[in-house]
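Protein chains in written order, with our numbering: chain A, 2 to 112; chain B, 430 to 545.
Because the hints were derived from the structure by calculation, they are not lab data. Be careful, since some hints might not be right.
Using C-beta positions, here's what the derived DEER-type ranges look like [unchecked claim]:
1. B/Ser436 to A/Asp68: 38 to 44 Å
2. A/Leu12 to B/Pro437: 39 to 45 Å
3. B/Lys497 to A/Glu16: 43 to 49 Å
4. B/Asp486 to A/His77: 36 to 42 Å
5. B/Lys507 to A/Thr21: 38 to 44 Å
6. B/Lys507 to A/Asp70: 29 to 35 Å
7. B/Glu473 to A/Asp68: 23 to 29 Å
8. B/His439 to A/Asp70: 41 to 47 Å
9. A/Arg62 to B/Met444: 41 to 47 Å
10. B/Glu491 to A/Val46: 28 to 34 Å
11. B/His439 to A/Leu12: 26 to 32 Å
12. A/Ile14 to B/Glu473: 27 to 33 Å
13. A/Val46 to B/Asp485: 37 to 43 Å
One-sided excerpt, in silico: chain B residues whose CB lies under 8 Å from chain A [claimed, not checked]:
14. Leu474
15. Pro483
16. Asp486
17. Phe494
18. Glu533
19. Gly537
20. Pro538
21. Gly539
So these bits of chain B aren't anywhere near chain A, every CB distance computed over 12 Å [said to hold, decoys possible]:
22. Thr442
23. Glu443
24. Met444
25. Gln466
26. Met469
27. Gly471
28. Ser495
29. Ser516
30. Val518
31. Asn532
32. Gln534
33. Leu545
Ideal Cβ placement from N, Cα and C applies to all residues, glycine included.
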Amino acid sequence: KNQVEQSPQSLIILEGKNCTLQCNYTVSPFSNLRWYKQDTGRGPVSLTIMTFSENTKSNGRYTATLDADTKQSSLHITASQLSDSASYICVVPGGSYIPTFGRGTSLIVHP
Amino acid sequence: DAGVIQSPRHEVTEMGQEVTLRCKPISGHDYLFWYRQTMMRGLELLIYFNNNVPIDDSGMPEDRFSAKMPNASFSTLKIQPSEPRDSAVYFCASSSLQGASGNEQFFGPGTRLTVL
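Given only the sequences and the hints, what does the whole structure look like? Please build it.
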C-alpha cells in the first residue's frame, strides 16, 4: 500500500531559527515528490518538486533533499519568518497518477 | 488566469439538506480532483476526472456523494442528504501533464462546509 509519513506532526520555533521537516514514503513506482505549503484558510501551493535523479533543490530559504534509496525527503527552512507558519505537505504520485498525501507538518513560527 | 475558482467559500446547512459545491478549473487543464480535508484525516482524494471523464471515485465515502463534470470548465460535488460528519473543507484542484509544471496540482481556495 502506498504511504507517505511525515514528521514531526507539529513544530514550534522562534523567528530566525532553522528547522527541518521529514517525509518517508513507500510509493511505487516512484516518479517525483512534491512539497506543498498550505497557509491557514487557503489551498496548498507547490514549493518544489524532486525527481528521481535530484538530491537537493533550493527555492529561496527552502531546501528540499531526496534520498531515493532510503525513500526519504526533507524540507529545510533557513532563517524562519512569521510567514513560514503553515502546514507543509509531502505528496508522492503513484503509478496510477493518484497522489498519496502525507498528513502534513504544522509549523508555527513565534516572534 | 484567475486560478481554480470554487463556490461557495462557506456553506452552513442543516442535516438532511442537499449541498452542491462548484469548481471551475484552470483553462487548459485536463485533470480535475476533488479533495476533503479534516484535522483528523488530512487531505483525502474523493474523485478525479480526466478530460471530463471520472477515472477513479474510490475515495467517495458513500452513495450520498456524487460528482459531475459536464464540460471542461465546470464540475460539481453534491452531497445528498448531508450529515454532520460531512463537515470539512472541500478542495478542488486541477492539473495538466503538459508543460513545465508537470503534475503540479493547483488548488482552489476551498469550501468550508458545516452541517448542523
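Hints versus structure:
1. B/Ser436 to A/Asp68: 38 to 44 Å: The hint (38 to 44 Å, Cβ to Cβ) holds, given that serine 436 of chain B and aspartate 68 of chain A are roughly 42 Å apart.
2. A/Leu12 to B/Pro437: 39 to 45 Å: violated, 33 Å
3. B/Lys497 to A/Glu16: 43 to 49 Å: holds, 46 Å
4. B/Asp486 to A/His77: 36 to 42 Å: holds, 38 Å
5. B/Lys507 to A/Thr21: 38 to 44 Å: With a Cβ separation near 42 Å, lysine 507 of chain B and threonine 21 of chain A satisfy 38 to 44 Å, so the hint holds.
6. B/Lys507 to A/Asp70: 29 to 35 Å: 45 Å Cβ-Cβ, so the 29 to 35 Å window is violated.
7. B/Glu473 to A/Asp68: 23 to 29 Å: With Cβ atoms ~28 Å apart, the hint holds.
8. B/His439 to A/Asp70: 41 to 47 Å: holds, 46 Å
9. A/Arg62 to B/Met444: 41 to 47 Å: Distance hint for arginine 62 of chain A, methionine 444 of chain B holds at roughly 46 Å.
10. B/Glu491 to A/Val46: 28 to 34 Å: Given range 28 to 34 Å: holds, Cβ gap about 30 Å.
11. B/His439 to A/Leu12: 26 to 32 Å: Roughly 29 Å apart at Cβ, these two residues keep to the hinted range, so it holds.
12. A/Ile14 to B/Glu473: 27 to 33 Å: holds, 29 Å
13. A/Val46 to B/Asp485: 37 to 43 Å: violated, 24 Å
14. Leu474: holds, 6 Å
15. Pro483: violated, 13 Å
16. Asp486: This interface hint is violated because 11 Å lies over the 8 Å limit.
17. Phe494: violated, 17 Å
18. Glu533: holds, 5 Å
19. Gly537: With Cβ-Cβ at 6 Å, under 8 Å, it holds.
20. Pro538: holds, 6 Å
21. Gly539: holds, 6 Å
22. Thr442: holds, 20 Å
23. Glu443: holds, 24 Å
24. Met444: Methionine 444 of chain B is indeed farther than 12 Å from all Cβ atoms of chain A, at 25 Å.
25. Gln466: violated, 9 Å
26. Met469: Violated, because the least Cβ-Cβ distance between methionine 469 of chain B and chain A comes to about 10 Å, which does not exceed 12 Å.
27. Gly471: It is violated; glycine 471 of chain B is separated from chain A by about 4 Å at its closest Cβ, not greater than 12 Å.
28. Ser495: holds, 19 Å
29. Ser516: Holds: least Cβ distance 16 Å, greater than 12 Å.
30. Val518: violated, 9 Å
31. Asn532: violated, 6 Å
32. Gln534: violated, 7 Å
33. Leu545: Non-interface label stands for leucine 545 of chain B: nearest chain A Cβ at 21 Å, farther than 12 Å.
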